[in-house]
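Student: Full structure from sequences and hints, please.
Read off the chains here:
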Amino acid sequence: MVDVAAHPVVVQLKGVRKAYNVGTAFETEVLHGIDLTVRHGEFCAVVGPSGSGKSTLLNIVGLLDRPTSGTVEVCGEETTALGDRALTRLRGHSIGFVFQFHHLITAFTALENVMMPMLGAEEFANDAMRVRAEALIASVGLAAWKDNGAGNLSGGQQQRVAIARALAMGPALLLADEPTGNLDTKSADEVFALLRRFNTEHGTTVLFVTHNAALAERCDKTIEVVDGLVTA
Amino acid sequence: MFKTWLPFEWIVSIRFLREGRLQTLFIIAGVALGVAVIVFMSALMTGLQMNFIRRVLSAQGHIQLLPPKEVTRPLRLGVYAPPGEVEAAIVQVPLQRLKSIDQWQAVAQQIRAMPQVIVVSPLAGGSALVMRGVASRAITVAGIDPALYYRIVTLPDKIVNGKAELTGSDILIGTELATDLGVSVGDKLRLTTASGADTTLTIVGIFDLGNKAANERSTFVALRTAQSLLALPGGVTSLDVTVRDVYTAETVAQRITAATGVQADSWIKTNAELFTAIAAQSTSNNAIRFFVGLSVAFGIASVLAVVVVQKSREIGILRAMGISQGQVMRVFLLQGGLMALAGSVAGSALGAGVLALWQRSARSADGTPLFALVLEPSLFIEALVLATVTGLIAALAPARRAARLDPVVAIRG
Numbered sequence: 003m004v005d006v007a008a009h010p011v012v013v014q015l016k017g018v019r020k021a022y023n024v025g026t027a028f029e030t031e032v033l034h035g036i037d038l039t040v041r042h043g044e045f046c047a048v049v050g051p052s053g054s055g056k057s058t059l060l061n062i063v064g065l066l067d068r069p070t071s072g073t074v075e076v077c078g079e080e081t082t083a084l085g086d087r088a089l090t091r092l093r094g095h096s097i098g099f100v101f102q103f104h105h106l107i108t109a110f111t112a113l114e115n116v117m118m119p120m121l122g123a124e125e126f127a128n129d130a131m132r133v134r135a136e137a138l139i140a141s142v143g144l145a146a147w148k149d150n151g152a153g154n155l156s157g158g159q160q161q162r163v164a165i166a167r168a169l170a171m172g173p174a175l176l177l178a179d180e181p182t183g184n185l186d187t188k189s190a191d192e193v194f195a196l197l198r199r200f201n202t203e204h205g206t207t208v209l210f211v212t213h214n215a216a217l218a219e220r221c222d223k224t225i226e227v228v229d230g231l232v233t234a
Numbered sequence: 010m011f012k013t014w015l016p017f018e019w020i021v022s023i024r025f026l027r028e029g030r031l032q033t034l035f036i037i038a039g040v041a042l043g044v045a046v047i048v049f050m051s052a053l054m055t056g057l058q059m060n061f062i063r064r065v066l067s068a069q070g071h072i073q074l075l076p077p078k079e080v081t082r083p084l085r086l087g088v089y090a091p092p093g094e095v096e097a098a099i100v101q102v103p104l105q106r107l108k109s110i111d112q113w114q115a116v117a118q119q120i121r122a123m124p125q126v127i128v129v130s131p132l133a134g135g136s137a138l139v140m141r142g143v144a145s146r147a148i149t150v151a152g153i154d155p156a157l158y159y160r161i162v163t164l165p166d167k168i169v170n171g172k173a174e175l176t177g178s179d180i181l182i183g184t185e186l187a188t189d190l191g192v193s194v195g196d197k198l199r200l201t202t203a204s205g206a207d208t209t210l211t212i213v214g215i216f217d218l219g220n221k222a223a224n225e226r227s228t229f230v231a232l233r234t235a236q237s238l239l240a241l242p243g244g245v246t247s248l249d250v251t252v253r254d255v256y257t258a259e260t261v262a263q264r265i266t267a268a269t270g271v272q273a274d275s276w277i278k279t280n281a282e283l284f285t286a287i288a289a290q291s292t293s294n295n296a297i298r299f300f301v302g303l304s305v306a307f308g309i310a311s312v313l314a315v316v317v318v319q320k321s322r323e324i325g326i327l328r329a330m331g332i333s334q335g336q337v338m339r340v341f342l343l344q345g346g347l348m349a350l351a352g353s354v355a356g357s358a359l360g361a362g363v364l365a366l367w368q369r370s371a372r373s374a375d376g377t378p379l380f381a382l383v384l385e386p387s388l389f390i391e392a393l394v395l396a397t398v399t400g401l402i403a404a405l406a407p408a409r410r411a412a413r414l415d416p417v418v419a420i421r422g
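Residue numbers (my numbering), protein chains in the order written: chain U, 3 to 234; chain P, 10 to 422.
Be aware that one or more of the hints could be misleading.
From chain U, some residues computed to sit far from chain P (all C-beta separations above 10 Å) [claimed, not checked]: (1) E29; (2) R134; (3) N150.
As a list, the in silico EDC-like pairs of lysine to aspartate or glutamate whose alpha-carbon atoms are at most 16 Å apart [as the list claims (entries may be wrong)]: (4) P:K12 x U:D149; (5) P:K108 x P:E79; (6) P:K12 x U:E124; (7) P:K221 x P:D189; (8) U:K223 x U:E44; (9) P:K197 x P:D179; (10) P:K12 x U:D129; (11) U:K16 x U:D37; (12) P:K167 x P:E225; (13) P:K12 x U:E125; (14) P:K167 x P:D217.
Now the in silico label distances, taken between C-beta atoms and shown as ranges [as the list claims (entries may be wrong)]: (15) P:V255 x U:E124: 53 to 59 Å; (16) P:Q32 x U:A88: 33 to 39 Å; (17) P:L405 x U:V11: 42 to 48 Å; (18) U:N184 x P:L303: 43 to 49 Å; (19) U:E124 x P:L405: 23 to 29 Å.
Derived from the structure by calculation, the hints contain no laboratory data.
Positions of the beta carbon are idealized from the N, C-alpha and C atoms, including for glycine.
Tutor: Okay, structure coming up:
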């Protein structure tokens, strides 16, 4: 677990550019020099039209993708020069992901999905791991479904399990890429409320990509991405 | 719930295999069939070869020591002709008279001391004419020490009438010769050699060596009887040797020649064609094994390649949650190894079952098995290890591909 108090700035992007097919006739720049600072405990909405570069930005912040140029600092660590192993480790311990499609692993139960990041980090399962996963499952209101196969849950339930899984390692930063985009209004509200609760109770910094203006308004701060630039 | 004693990679591999149950079962069945073919063929070939060798070696020693051949030494040049002139000498190939191995008892003792040697049996052999009334037949007389010789050739097992015990005035003859001469156990035969020596012996046993020519010509007498009949007092014409490992016979024969100076021929040398046939059979068996193994490897690799595509989104998620490339790679390697291991266990059992069935059904006319099959535990262990290693190697390429998947692309699908 990352000591968030020691790093008041959780995300710092300076001049981040991202281009695809670099050096070819099809080179396309998606992000055109983004500067962004996200502080500890902030709940930020990331908004913008489709194709504006929101997901690319989130992938770069989440260390799943590397910028073509510029620097990315996560939890006080400059990541540009880090190798794959170090990036994987930092990602595993500091960042949690929630995707539009829950992406639970269907071979496992809800509880096992939540335990998975901890198991990957520690290699062997233990009681402490199980207790933490059960607490997280209970906190998303799915204690009664913990032993259900991941494929046997409703869309809203699956997304809640995905949130519990994203929080398993106690990350400083939670990246949610349109987590409510595929849910009905009621389930979307529940998921948002959950993210908000974890942000308030545990101080988890949240970057929340959404097309839902009403939900975006309920966030502390709005980052608007238009044509590969942060405009607000 | 996760087992606390299983590492992460094992848990994920087993779950992935269980999730794609049908796919897993098919590939395990494929591996099992391949392994069963290998086990069955190997046991069959080994059994067949052992049977050939057993049959060949049931009538002879593994190594035979013979006295040196008579050679002609041409006159040295310049001894009889004046210097500057060439002697034109016609060198005639000498006759090979019957002679004994020089100092054979010392030689036998020296060979017996070798750790690879089991038995050394002296034999005095030659030709004779057997007469009964107006009928006569040319035969070979083998003078043996029954206590030693029967440990090499199990003559008592081949006796169809009488017994295999030999005293100084006894003879054992083959079934064909007995029929030709119209004799039976207890009858007397007169043996005459080319040098004029003769003796009368009593038939104590009639044997069947399973070969008509051998049953017509072969006869066995006591060593001393043969020595006196063939004018070889105290001498022997050959020493038959058996060794612990029949395949080392040629090496041991060379060692014997080096140590004693006596010519030693191994069964490998005297049955070169059979040995070449066995070697060719082994080579073709290995080729079949290799190709079956190769097809099993391709089967595993292709299934895993499909699994990697099917699971690419899960792999992306695992990578996003901090699972390393090494861990992803091990997950897929393990799947290959586990499928191959399960397949090889099932295949070994299947192979053993088919062998048992084959042994029960493939029988000679008299109801006895055609030949004994060799079911060595090492064959199963070898199949298990080889199949698992093959599975791991086959999984290497798909596993590397899975580990190198770009998580962003994988998650996007």
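Student: Checked against the structure, which of the hints given earlier come out wrong?
Tutor: none
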